[in-house]
Amino acid sequence: MAKRPFDIRAQPGFGFVALLTFFALYLPIAALVAYSFNAADSLSRWDGLSLRWFISAWQNSTVQDASIRSLVLAVWAAALSTVVATMAALATTRTPPYPGLTFKYAFINQPLMVPEIVTAVALLIVFSRIKVWTGYSGLGYLVLAHTAFCIPFAYLPIRARLEGMDLKLEQAAADLYANPWRTFRHVTLPLLRPAIIAGFMLAFVISLDDVVITEFVKSGGQDTLPTYMLGQLRRETTPEINAIATVFLALSVLLVTVFFFVNRRKP
Amino acid sequence: MASAEEIARAADRKDIRDRWLLSAPALIIIFVAAIGPLFVMLAYSFMVKGDYGDVKFGTFSLDGWTSVLFERDIFDDTLGLADAHLTILWRSVRLSFYTTVLTLIFGFPTAYFISTRPPKTREVWVFLVTIPFWTNLLIRTFAMQQVIRNEGLVNTALIQLGILDRPLQIMNTDTAILLGMVYVYLPLMVLPLYASMEKLDFRLIEAGYDLYASRWQVLRRIILPLVKPGVIAGSILVFIPSLGAYVIPRVLGGGKNMMLGNLIELQFGAGRNWPLGAAISITLMALVMVALLFYVRNVSRSEAGHG
Chain A
1 MAKRPFDIRA QPGFGFVALL TFFALYLPIA ALVAYSFNAA DSLSRWDGLS LRWFISAWQN
61 STVQDASIRS LVLAVWAAAL STVVATMAAL ATTRTPPYPG LTFKYAFINQ PLMVPEIVTA
121 VALLIVFSRI KVWTGYSGLG YLVLAHTAFC IPFAYLPIRA RLEGMDLKLE QAAADLYANP
181 WRTFRHVTLP LLRPAIIAGF MLAFVISLDD VVITEFVKSG GQDTLPTYML GQLRRETTPE
241 INAIATVFLA LSVLLVTVFF FVNRRKP
Chain B
1 MASAEEIARA ADRKDIRDRW LLSAPALIII FVAAIGPLFV MLAYSFMVKG DYGDVKFGTF
61 SLDGWTSVLF ERDIFDDTLG LADAHLTILW RSVRLSFYTT VLTLIFGFPT AYFISTRPPK
121 TREVWVFLVT IPFWTNLLIR TFAMQQVIRN EGLVNTALIQ LGILDRPLQI MNTDTAILLG
181 MVYVYLPLMV LPLYASMEKL DFRLIEAGYD LYASRWQVLR RIILPLVKPG VIAGSILVFI
241 PSLGAYVIPR VLGGGKNMML GNLIELQFGA GRNWPLGAAI SITLMALVMV ALLFYVRNVS
301 RSEAGHG
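Chains A and B, in that order, are what the protein sequence lines are.
First residue of the first sequence: 1, per UniProt numbering; consecutive thereafter.
First residue of the second sequence: 1, per UniProt numbering; consecutive thereafter.
One chain only, chain A, in its complex shape (with noise of 0.2 Å):
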């Protein structure tokens, strides 16, 4: 009998550890999925495969009205925060250190260090005070505390392939007298599109997953599809919400796959 190799980068268990691992982060998925099928009143019972509650997710106002306005919310947070987060690394890197640019980090990353419940509580206490002075109560407090929470995420792609470029190119445009913002446009901007899309779909994800902050902010009637959903979980659910879970799944897994391969393509 042939005797195996001596393997040194195994570890006795650890495949085992691994493989239970990554069945457990996927057993619920399937069952969340599964349940979807189900064509039964109630989450209790299974009576057999039945695209029911798809038509009903579907044919749901509720629903629809919350989908429609997680996209329309995600689209405006996630075109706003690449934007100004576009801006905001142009201006931080790229650059020797200079007065305020840690703190301009520090700033630009702390929705991140903080809690969402705490900024959350602190947007109502601060939004609810504006809402009685200004009488406006629309879609505007969730677009703001959205794109401020995306900043960060829309910021990073952009930073990261920024300072990997160097400004040769730009320095070549300005001596065949192309002004800066003809610069920016032709050289910079076509050489940051791929970070540029990267950050944009960040933002996007972040803004359709969030359920704390947008929970507190959004007035009456201003159901996002997550906060439906939490507020349904409450009570006996259907499984409907399992459809809507689902649908939404497949959409970030989708999203997440785009992502992926756009950012391995190698430039």
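Hints were generated in silico from the structure; no laboratory data involved.
If you're wondering where the values come from, they're calculated on a predicted model, not measured in any experiment.
Any given hint could turn out to be false.
[Unchecked claim] Keeping only pairs whose Cα atoms sit at most 30 Å apart, straight-line, the calculated DSBU-like set for lysine-lysine is:
id, chain 1, residue 1, chain 2, residue 2
1, B, Lys14, A, Lys104
2, A, Lys104, A, Lys168
3, B, Lys228, A, Lys104
4, B, Lys228, B, Lys199
5, B, Lys14, B, Lys120
6, B, Lys199, B, Lys120
7, A, Lys168, B, Lys14
8, B, Lys56, A, Lys131
With chain A fixed as given, assemble chain B onto it according to the hints.
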């Protein structure tokens, strides 16, 4: 006439001013919708609570802060410890600690497993960890509920197999919250661990074996010290959101098993005690800052050790 040096300095000043203008929109948005409100909340924590929520504007009181830990006896007006709050604080810290340890126990072998795969398949494994990481937290919490609820996967299986005759009550317990947090935050442990293991120099491990080290000694004396930054980063990334968890205890813990996040919500909702809610929020933030400081100190120390 201006000297070359003066011109250069003026250009520098203009550059810095432009850079401030360029970053201003991002800084202003974060100030208005993230940092500024924290200061308003700090002020609120020192005001008298309003009768129907909110505060009585412009008043001053330390009641919000004292009631974080103490409560006034309704009969003789003496101060006693607020047991309910202490229970919740202790549960938050305890469950966050357990979550960190458990994600480390499962995450370490997982990250090591990924980093020892051939480069081609390694990407696929990383991708498999990344997908749950980017999936909605609420959906993952809900997915965990499908597994542990009374008619869920685990109980159905155990009853079908004849191991149990009545479902095991996991929902609405601390265990449910713990399982949910371990499940949800596991990718936050695996990814930084993997990032540091990927750089592992296996020649050092080979050298260890050449010197007759056992598998355990190699793990304990070579691998662990080398990936320590990853262990610390992962632990912090798991511990901090666990401490501030709100959705997971709300969905899996039922109304009774609250954590700090839910206690805060209660004060701004049915409790109608905004100063207290503000004071607890600031306490939570302070706990997080302590954890972050611990991290920064440890990282700078281990970096100094390498240098």
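Earlier hints that do not hold, by number
5
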